[in-house]
Structure formats: C-alpha cells, structure tokens
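Colleague: Each chain, letter by letter, is given below.
Protein chains: 2
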Amino acid sequence: MFSAEVTQRSWNNADPREARRAIRSGLFKKHTAGVAPGYVQANLCVLPKDWADEFLLFCHRNPKPCPILALSDPGDPHLPSLGEDLDVRTDLSGYRVFKDGVFVEERSDILDLWRDDFVTFAIGCSFSFEEALIEAGVPLKHIDRDECVAVYGTSVDCAPAGRFRGKLVVSMRPLKPKDAIRAIQITSRFPNVHGAPVHIGNPEMIGVNLAKTYLGTGAGDVAPDELPVFWACGVTPQSVVENARPPICITHVPGKMLVTDRRNTSLASF
Amino acid sequence: MFSAEVTQRSWNNADPREARRAIRSGLFKKHTAGVAPGYVQANLCVLPKDWADEFLLFCHRNPKPCPILALSDPGDPHLPSLGEDLDVRTDLSGYRVFKDGVFVEERSDILDLWRDDFVTFAIGCSFSFEEALIEAGVPLKHIDRDECVAVYGTSVDCAPAGRFRGKLVVSMRPLKPKDAIRAIQITSRFPNVHGAPVHIGNPEMIGVNLAKTYLGTGAGDVAPDELPVFWACGVTPQSVVENARPPICITHVPGKMLVTDRRNTSLASF
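Keeping their order, the protein sequence lines are chains A and B.
The opening position of the first sequence corresponds to residue 35 in my numbering, with each subsequent residue numbered one higher.
The opening position of the second sequence corresponds to residue 35 in my numbering, with each subsequent residue numbered one higher.
In isolation and in its complexed conformation, chain A is listed as follows (with noise of 0.2 Å):
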C-alpha cells in the first residue's frame, strides 16, 4: 500500500495507524496536514520530569493555550490514549532539540536521546476544529490560499507557573460576522482543542497589529465584511518552554505533528 513515492495527496485518506507505521519506519517524511483526516492531530512537548511538573501546572492554568490531551508516565514513549502501538520516540515526521531553550538540531527520530525521566505532553492542535468549521461551511480562507494560519503575539500574560512564563499567543481567522457567530458556537464544543475564541473584534485591546505577524502568512487580511477572530494558539507553550530555557526540550517539527487514533468528533463537548 505505502512506497516511497507515496506523495502528500495519496496519504489524505490514510488510517492514523498505517499513517504512523509509515512514519516510523522513514517511508513519510512530510507535514501531516491532510493526513488520516478526522483523526486528532498533537503538538508534542517532552521534558525532564522536574521541569515536566511545573509545566504540567502551567498547562492547568492555561487550558485554553495548553490542552492536554495526553500526557505520559515519565521514562514511558507511549500514549496508550492516543494509540495502543504509539511511540512518540519514533512516530512523528520530525523533531526539534531545544537546549537551554536554544533550537541545537531537527531529527527524524529521538530514540536515541530517550531519558527514563522525560515526560510526554500531547497538546491539542486547532487542525481538530478547523475540521468541524470546515464542514460546518464557515470558509476559512488560509486553507482556501493553502497558507498557514495567521499568529500573533499578544500583550494578554498567561498565568505564570514556576519557570514557566510568558505571554498568550493567537492565531487569527478573519470571518464575515455571521460565520464568527457560527465558529464561536462550533468551537466552544471543543475545549481540548482550544475551545471558543478568546477575542472578536478589536486586535489592539490584545495588543496585536495585524500587520505583524509572529507566523504565517494571513498578515492584516481582514476585509471590510469580516472580523479577526483569535483564537489561543499551541505555539504558546512551545514560546514559553524556550523562554523557561529547560536544558532539554524536545518538540514536533511545525506542521509535522502525532497523528493518532482518537477522532476529532470525540473532542466535542455536546
């Protein structure tokens, strides 16, 4: 079924799990976006059990940047929650090595670097909503434009934790007001994955400039019928790790996310 030919499209109907057994043995190296569609796709964070516990709090205290969907045992590379042969060790198409919060190197394993006390974060990922917002009929015009999704930094602080500190950061889809109205209903459903909005409307009350974007490429792109609509954003945790500078971090690659074997309709809420 899968060679190393197989290209992006040819994978847009994959199960999670052949998916992951791909992934793990070098045959797919992409970004994962439009894999095993319907299924939940994480951000990855893994940390020294030390650092692990306060990150663990920080995460509680922000559930609306961070959302644990799962988290392991320490020295454990499985999440048996997300998938029963899951191996975060192996089954993401890319990692990055941070070191006293600096970026050190991008790998396609971590086998190798696995300590019995690092810790796995599976943080939910606004791939899981779009999805419902998308089939719901609420245009989302990044994906429309195969662009990644506008994010900002803010001036909003999250709540601290220990060493862990920072500011909120936002992803931004501009909306015409009757589909704000319908996105706010549709993510409210899903908690896990950010839930409903945190802003509507006015970008300087958060303290954003369209204009300036943290990432992406949807910089100020909001038309006269629309509203910017933020959303909190998972790159949150992964600026606020660097900026704690833990001596070892380990991340997913950006777009190159856990693909795993939970649904995205078994996130909603009602």
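Check the hints yourself; a few may be wrong.
Given that identical chains are not distinguished, each listed pair holds provided it fits within a single copy or across any two copies.
Unchecked claim - Here are the simulated SDA-like cross-link-like pairs (lysine to any residue), alpha carbons at most 20 Å apart as the crow flies:
#1 Lys212 to Arg223
#2 Lys212 to Pro82
#3 Lys212 to Glu260
#4 Lys212 to Leu105
#5 Lys64 to Asp295
#6 Lys210 to Asn236
#7 Lys210 to Pro237
#8 Lys201 to Lys212
#9 Lys63 to Gly109
#10 Lys212 to Arg95
#11 Lys212 to Ala193
#12 Lys98 to Lys212
#13 Lys98 to Gln219
#14 Lys63 to Arg51
#15 Lys133 to Ala67
Simulated from the structure, these hints should not be mistaken for laboratory data.
Got chain A sorted already, so can you dock chain B onto it with the hints?
Modeller: Showing chain B alone in chain A's frame:
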C-alpha cells in the same frame, strides 16, 4: 399577600400563578419586567384562524425573530403548556387591539372581544436569555441603566409567507469582546427565545444606523472597547402583522408580557 398598593418591587419574588391571579383580578396593572423572576415571559399575538395559518407558516420560516413557545386551538383561550390556569383573555396587564393594521385601543382584558376563531401565539422573548446572561456575569448596560434595550429596523428581508412579509427587527446590546463571545455561547442554548445573535460588529452590513433606534434609548451607545451584538427581536412579528393589516389582531402592550409557569432554564437546549 397582595393588595391594590402592591409595588413593582414587591412582585419581584412572585410566583407566576400568583402574579397571573393578581393581574386577572385587576390588582396588578404594571409592566412585568422583574415579575416572577426565573419564569418565561412571552409576547402575545392573537389572530383569526385564516390569518393564523399563514402567520404560523411565517413563524416557521423565521424562527429566530418568531420562536413559537405555544399555540392555541382556534377559540381556546388557554395555553396549558405555559400554565394550567392560564387564560389569555384576562392574564395580561395590558392589551393592544389593531384593526386593519391600525392601533385602535388599549384594554385591560379582551373577554368581550373573544371569538371562537381566535388563535393565540405565545412568542419567545429576550427576557429569558437576558436572565441567563446576567447570571453568567455578562453586563447588560440597558438593564443597569433601567432602560429599554435598543431596537433597530434592518435591511434584511424575512422569508415571506402569504400576506406576511417585512424586514427583520433586531435588538442590540453593546458588549466587550470577551462578553460578546460568552453571550453567543449562552444565547445559543436558547433557540426558543431568539437564540444566537444574527450579527456582530459592523451595523452597516445589516442596514443599521446605530443613531436611529426603532425603539429604546440606547442609541449608538457602543464604547470603543465594545462590539455591537444584534439579536433577532420579537418586535419583528409585531411589525410584520401590522403591515399585513389583518381585520383584527390583539397583542400585549410592550413590557406587559404573558407571565408563564415555564422556567427560563427549561428552555436551554443543553
């Protein structure tokens, strides 16, 4: 318990049955804001059967401005689903009579006008969702100021049905962005009392000039850190019925609503 000297304030804790009895006996003649808190109050519209059939179709096609809470059989002045003893001929503290679309008189009962082809519509009212908003800590300026909510005509056509046609009328509440998001969540739970907003943000998109209210005193009063949030309004069916000019139509006097035994919380869809 009740006397002719009863004040508005002393009714704030009244049971709805007790309130209706006092209205029926002529002891209470005031508006019903604050009466029997926690219980649904409804807009009243009484029409002859041949007009009622078409108006039912209109309400069905326009559920956001015209959510029907109860509908009587022709000639039956009771609405047992809203109160066992309820009699729509006597249980409101004020009625308005329209002939051929023209207001002719205000009355304290409609016993001698009643006909065996009269059909009663009880239509949901925003009092119910405003209670839920206040309980959730969403500040409503018009209530804090003891004013009527700001009501506007729009350029949005209702879906016509037979002789009934017209523009959507909306109520507007200025809210801070975080409260607007919360208000969308809360009112989405109450589809029988107008439900989620129909618009947020740019008034011009729905043909509204904030300085020109249809009713209410909150004209244009949106602070720079607020968004105008628009809900479909129960004034819509009233204005549509007036435009259709049925030979006779009876409504409540604005603010003198039908007090029912249904709890507001019973209207929540989840």
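Colleague: Look at each hint and say if it fits the structure.
Modeller: Structure-based check of each hint:
{"no.": "1", "hint": "Lys212 to Arg223", "verdict": "both (18 Å within a copy, 17 Å between copies)"}
{"no.": "2", "hint": "Lys212 to Pro82", "verdict": "neither (45 Å within a copy, 36 Å between copies)"}
{"no.": "3", "hint": "Lys212 to Glu260", "verdict": "both (9 Å within a copy, 18 Å between copies)"}
{"no.": "4", "hint": "Lys212 to Leu105", "verdict": "neither (37 Å within a copy, 30 Å between copies)"}
{"no.": "5", "hint": "Lys64 to Asp295", "verdict": "within (19 Å within a copy, 61 Å between copies)"}
{"no.": "6", "hint": "Lys210 to Asn236", "verdict": "both (15 Å within a copy, 10 Å between copies)"}
{"no.": "7", "hint": "Lys210 to Pro237", "verdict": "both (16 Å within a copy, 13 Å between copies)"}
{"no.": "8", "hint": "Lys201 to Lys212", "verdict": "between (30 Å within a copy, 18 Å between copies)"}
{"no.": "9", "hint": "Lys63 to Gly109", "verdict": "neither (25 Å within a copy, 73 Å between copies)"}
{"no.": "10", "hint": "Lys212 to Arg95", "verdict": "between (32 Å within a copy, 18 Å between copies)"}
{"no.": "11", "hint": "Lys212 to Ala193", "verdict": "between (32 Å within a copy, 17 Å between copies)"}
{"no.": "12", "hint": "Lys98 to Lys212", "verdict": "between (23 Å within a copy, 14 Å between copies)"}
{"no.": "13", "hint": "Lys98 to Gln219", "verdict": "both (16 Å within a copy, 16 Å between copies)"}
{"no.": "14", "hint": "Lys63 to Arg51", "verdict": "within (15 Å within a copy, 70 Å between copies)"}
{"no.": "15", "hint": "Lys133 to Ala67", "verdict": "neither (28 Å within a copy, 63 Å between copies)"}
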